[in-house]
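Sequential numbering of the sequence shown, starting at 1, is according to the working numbering.
Among these hints, one or two may not hold up.
[Unchecked claim] Here are the simulated lysine-lysine pairs, DSS-like style, with alpha carbons at most 27 Å apart:
1. Lys90 x Lys102
2. Lys91 x Lys102
3. Lys155 x Lys49
4. Lys101 x Lys155
5. Lys223 x Lys49
6. Lys49 x Lys61
7. Lys155 x Lys223
8. Lys168 x Lys49
9. Lys186 x Lys49
10. Lys138 x Lys155
11. Lys243 x Lys168
12. Lys223 x Lys243
13. Lys223 x Lys179
14. Lys168 x Lys186
15. Lys155 x Lys61
16. Lys168 x Lys179
17. Lys223 x Lys168
18. Lys179 x Lys61
19. Lys186 x Lys61
20. Lys91 x Lys101
Hint data in this document are derived by calculation from the structure and do not stem from the laboratory. Fair warning: this is a prediction, and the values are worked out from it, not measured in the lab.
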Amino acid sequence: MTDALETTSDDINVERNEVEEIIEEAKASFIESGSLIDNIKNRDMRTVKIDLGYDEVNSEKLIGIEAALGQLRNILDQAERNGSGVDELKKVVAKLKRDIKKANAEDAGEIQDQIEEGERQISERIALLEQMAPLRAKQIEMDMAADEVRALVNKESLSIELRAIPYKIARGAARRARKTLGLTEKGIPEDRQDEFEEQQLLELAFDMVGRFRDNRNGRSGTKLSLEEIETIRDFMPISQSSKFFAAVNDLQFRNAISESAIAQADF
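Please model the complete structure; the sequences and the hints are all you need to start from.
Here it is, written out as structure tokens:
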């Protein structure tokens, strides 16, 4: 009779099979998750999404509508604040009218003044709130107009997702900029510094574009060519090209801060 604590060869084989299954599962999981090199290279990086509009006519129209809407909202907000509290004032006046019946002649005169002032404020606030009705209707009308123009602007736009890049790739952008400009000597000549920085920014933008969509025709992809990025710089409305390259600079700056924070972390 075999003791309950006795281990048989069959038991050992079962345990060995279970261990092998666990190992195989772990291997499969590791393969699915990618190699260490792939995991490091493709680690999560900071991203930013921007929309660049190139319909200058409607963009200018939208700016005008939104500016007028902003002014109208301020007027309505101020009027609403000044016209609020009618119900509270009515309660105060009602209480004063009850109090005046019990007051002596001297106090009654003062209370009557308060009643009249309260009723004056109530009338003014009600009139102000009534004046807001057509302004509210105007706001709705302008909101609808803004939405229509905004839809046209959005259609004539380019949606881009930028992704921060590691230091090594950023250095590659600098090397390509030097090569494009024919800078073979060590360092950057002072009289070509601006030219180099502009070309380097183009190369950085090329590396950082992770996804794009042309909303006019639905064309999308993962990269823009250097020529397309130059076109953004040279032919997009200045406000939009500035927005694009400012986002490139800002994203790389924030990435540098993140790298510094990681370097100082105590893991």
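Structure-based check of each hint:
1. Lys90 x Lys102: 19 Å, holds
2. Lys91 x Lys102: 18 Å, holds
3. Lys155 x Lys49: Cα-Cα ~16 Å, so holds.
4. Lys101 x Lys155: 69 Å, violated
5. Lys223 x Lys49: 14 Å, holds
6. Lys49 x Lys61: 24 Å, holds
7. Lys155 x Lys223: 20 Å, holds
8. Lys168 x Lys49: OK: Lys168 and Lys49 at ~23 Å, within 27 Å.
9. Lys186 x Lys49: 36 Å, violated
10. Lys138 x Lys155: 26 Å, holds
11. Lys243 x Lys168: 25 Å, holds
12. Lys223 x Lys243: Within the cut-off at roughly 19 Å; holds.
13. Lys223 x Lys179: Measuring from Cα to Cα gives roughly 21 Å; hence the hint holds.
14. Lys168 x Lys186: Judged against 27 Å, a Cα distance of about 19 Å means the pair holds.
15. Lys155 x Lys61: 15 Å, holds
16. Lys168 x Lys179: Status holds; Cα separation ~17 Å.
17. Lys223 x Lys168: 19 Å, holds
18. Lys179 x Lys61: 43 Å, violated
19. Lys186 x Lys61: 50 Å, violated
20. Lys91 x Lys101: 16 Å, holds
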